[in-house]
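**Q** Sequence:
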Amino acid sequence: MNIKEIRELAKKFSVEELENCISETIENGKNSCDLSGDVLEVVNTLAKAQTVKELMEQGMTEMEAIRELAKRIRAVQGL
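In the numbering used here, the protein residues as written are 6 to 84.
Keep in mind the hints are simulated off the structure, nothing from the lab. On a predicted model such as this, the values are computed, not experimentally measured, just so you know. Fair warning: there could be bad hints in the mix.
[As the list claims (entries may be wrong)] FRET-style restraints, in silico, Cβ to Cβ: (1) R79 <-> E59: 29 to 37 Å; (2) N33 <-> M68: 28 to 36 Å; (3) I78 <-> V20: 15 to 23 Å; (4) E46 <-> V20: 16 to 24 Å; (5) D39 <-> A80: 26 to 34 Å; (6) R72 <-> E32: 15 to 23 Å; (7) G83 <-> S37: 33 to 41 Å.
[As the list claims (entries may be wrong)] List of simulated lysine-lysine pairs, DSS-like, C-alpha gap at most 27 Å: (8) K16 <-> K35; (9) K76 <-> K17; (10) K76 <-> K9; (11) K16 <-> K76; (12) K9 <-> K35; (13) K35 <-> K17.
All residues carry an ideal CB built from backbone N, CA and C; glycine is no exception.
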C-alpha cells in the first residue's frame, strides 16, 4: 500500500471524482486522476483513496482515516 500516493489522491480529489476515476479506469484503462499502471493496481489505489476521503469527510483526521483503512484491510485478510 503506497500511503503517500493514497494520501495525495484523498487530498486532491472528492469522493465523487475518485469514483469517476475508478469507473474510467475499468472502462478505458485510463482516468482523469492522472494515475497509470496496471488496471487492478490503479483501481485498488483509487478505492483506498476514496475510503480515506470518505472517512475524513466523516470527521476523522487524515492519519486516523489511514489507520482505519489499514485496520479494515487487516480484518479482510484475517490477520
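**Q** Could you run down the list of hints and mark each one as holding or not?
**A** Here is how each hint holds up against the structure:
Restraint check, R79 to E59: a C-beta distance of roughly 19 Å breaks the suggested window 29 to 37 Å. Here the CB-CB span from N33 to M68 is close to 33 Å, well matched to the stated 28 to 36 Å. Hint check: I78 to V20, Cβ distance near 19 Å, so the stated range 15 to 23 Å holds. Distance hint for E46 and V20: a CB-CB separation of about 20 Å, consistent with the stated range 16 to 24 Å.
Judged by the Cβ atoms, the range 26 to 34 Å given for D39 and A80 holds: they are separated by roughly 31 Å. At about 32 Å, the CB distance of R72 to E32 disagrees with the hint of 15 to 23 Å. For the pair G83 and S37, the supplied restraint of 33 to 41 Å holds, since their beta-carbon distance comes to about 35 Å. Taken as a hint, the K16 and K35 pair is honoured in the structure, with Cα atoms around 20 Å apart against an allowance of 27 Å.
Restraint check for K76 and K17: satisfied, since their Cα atoms lie roughly 23 Å apart, inside the 27 Å limit. Distance restraint check for K76 and K9: the Cα-Cα separation of roughly 17 Å lies within the 27 Å cut-off, and the hinted pair is therefore satisfied. Between K16 and K76, the direct Cα distance comes to roughly 20 Å. Compliance with the 27 Å bound is thereby established for this hinted pair. For the hint pairing K9 with K35, the CA-to-CA distance comes to about 21 Å; that is within 27 Å, so the pair holds.
Taking the CA atoms of K35 and K17, the gap is near 18 Å; set against the 27 Å cutoff, the hint holds.
Hints 1, 6 from the list above are not met by this structure, while the remaining hints are.
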